[in-house]
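In order, the protein sequence lines correspond to chains A and B. Just so we're aligned, residue 196 is where the first sequence starts under the working numbering, counting upward by one. Just so we're aligned, residue 4 is where the second sequence starts under the working numbering, counting upward by one.
Derived from the structure by calculation, the hints contain no laboratory data. Treat the hints with care, as some may be off.
Computed beta-carbon distance windows for the label pairs [claimed, not checked]: (1) G236(A) <-> E55(B): 30 to 36 Å; (2) I255(A) <-> M44(B): 35 to 41 Å; (3) D29(B) <-> T207(A): 38 to 44 Å; (4) G80(B) <-> R292(A): 26 to 32 Å; (5) L311(A) <-> K60(B): 45 to 51 Å; (6) N31(B) <-> I206(A): 34 to 40 Å; (7) A212(A) <-> G80(B): 44 to 50 Å; (8) I255(A) <-> A5(B): 17 to 23 Å; (9) L72(B) <-> T207(A): 43 to 49 Å; (10) K17(B) <-> G257(A): 44 to 50 Å.
Simulated pairs of lysine-lysine, DSSO-like, Cα-Cα distance not exceeding 27 Å [unchecked claim]: (11) K60(B) <-> K244(A); (12) K256(A) <-> K244(A); (13) K244(A) <-> K17(B); (14) K12(B) <-> K74(B); (15) K60(B) <-> K73(B); (16) K244(A) <-> K263(A).
Backbone N, C-alpha and C define an ideal beta-carbon position, used for all residues, glycine too.
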Amino acid sequence: AQSVTQPDIHITVSEGASLELRCNYSYGATPYLFWYVQSPGQGLQLLLKYFSGDTLVQGIKGFEAEFKRSQSSFNLRKPSVHWSDAAEYFCAVGAQRAGTASKLTFGTGTRLQVTL
Amino acid sequence: NAGVTQTPKFRVLKTGQSMTLLCAQDMNHEYMYWYRQDPGMGLRLIHYSVGEGTTAKGEVPDGYNVSRLKKQNFLLGLESAAPSQTSVYFCASSFRQGQMNTEAFFGQGTRLTVV
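With the sequences and hints as input, model every part of the structure.
Structure, rendered in structure tokens:
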């Protein structure tokens, strides 16, 4: 069975500091990995995705993530956090191959608080 | 381009009442999904559809039914609402590029409270 673990429920960082959100996954086949962000009362917005190629992927809003197969991890990073980055972040895993639909398994989320 | 639209955005139900949540997408996507989001649990898949006229159970299907009579619409029904179904419900859609899946696009959510 597939699963996603986000070990940090809540993280607080100062504006301008660097950020790393952790994500570990378990998946039987080649995974399709995603990071989504959710602002309060809003839907989910895709930050970035990975399915093959360069293991360091760039996303929107200055975010990047690195896929490490040996560690089953897909951690999200940002060099300098802005106050507007305060939100909840979800890591998700799904199937690459079509035919099974892109059913996603989500982690429980990490809530990011940014202090000024 | 509206993307994925959910109706209604908020609803309060009494225990035992029924209701239908509507999801509409204008991107011609094959796949559609219903998730529920609960505090500390992330999003969990309720039901999904791989095409018009087809539906399948997800991780937490009990107490819900779905229908996909038209490609662009995916309905989620609660026949007899229970307080345990208080949640935020998200609809999503995705498509396939050749033999590969793509990312899911989400609606803004429906906040349902069952009292």
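Hint check:
1. Our hint of 30 to 36 Å for G236(A) and E55(B) holds, since their Cβ atoms are close to 32 Å apart.
2. Judged by the Cβ atoms, the range 35 to 41 Å given for I255(A) and M44(B) is violated: they are separated by roughly 26 Å.
3. Hint check: D29(B) to T207(A), Cβ distance near 39 Å, so the stated range 38 to 44 Å holds.
4. For the pair G80(B) and R292(A), the beta carbons lie near 30 Å from each other, so the given range of 26 to 32 Å is met.
5. Take L311(A) and K60(B): their Cβ atoms lie about 46 Å apart, and the range 45 to 51 Å holds.
6. For the hinted restraint 34 to 40 Å between N31(B) and I206(A), the CB-CB distance of approximately 38 Å keeps it satisfied.
7. The hinted range of 44 to 50 Å is satisfied by A212(A) and G80(B), whose Cβ atoms lie roughly 46 Å apart.
8. About 20 Å separates the C-beta atoms of I255(A) and A5(B), a value consistent with the hinted range of 17 to 23 Å.
9. Range check, L72(B) to T207(A): Cβ separation about 47 Å, and the 43 to 49 Å hint holds.
10. Evaluation of the 44 to 50 Å hint for K17(B) and G257(A) yields a pass: the beta carbon distance comes to about 46 Å.
11. With a C-alpha separation of about 25 Å, the suggested pairing of K60(B) with K244(A) holds against the 27 Å cut-off.
12. Only pairs whose Cα atoms come within 27 Å are accepted, and K256(A) paired with K244(A) is accepted, the gap being roughly 14 Å.
13. Of the supplied pair hints, the one linking K244(A) and K17(B) is violated, its CA atoms being roughly 40 Å apart against a limit of 27 Å.
14. A threshold of 27 Å between alpha carbons decides the hint, and for K12(B) with K74(B) the separation of about 22 Å falls inside it, so the pair holds.
15. With a C-alpha separation of about 18 Å, the suggested pairing of K60(B) with K73(B) holds against the 27 Å cut-off.
16. Of the supplied pair hints, the one linking K244(A) and K263(A) holds, its CA atoms being roughly 14 Å apart against a limit of 27 Å.
Of the numbered hints stated above, those contradicted by the structure are hints 2 and 13, listed in ascending order.
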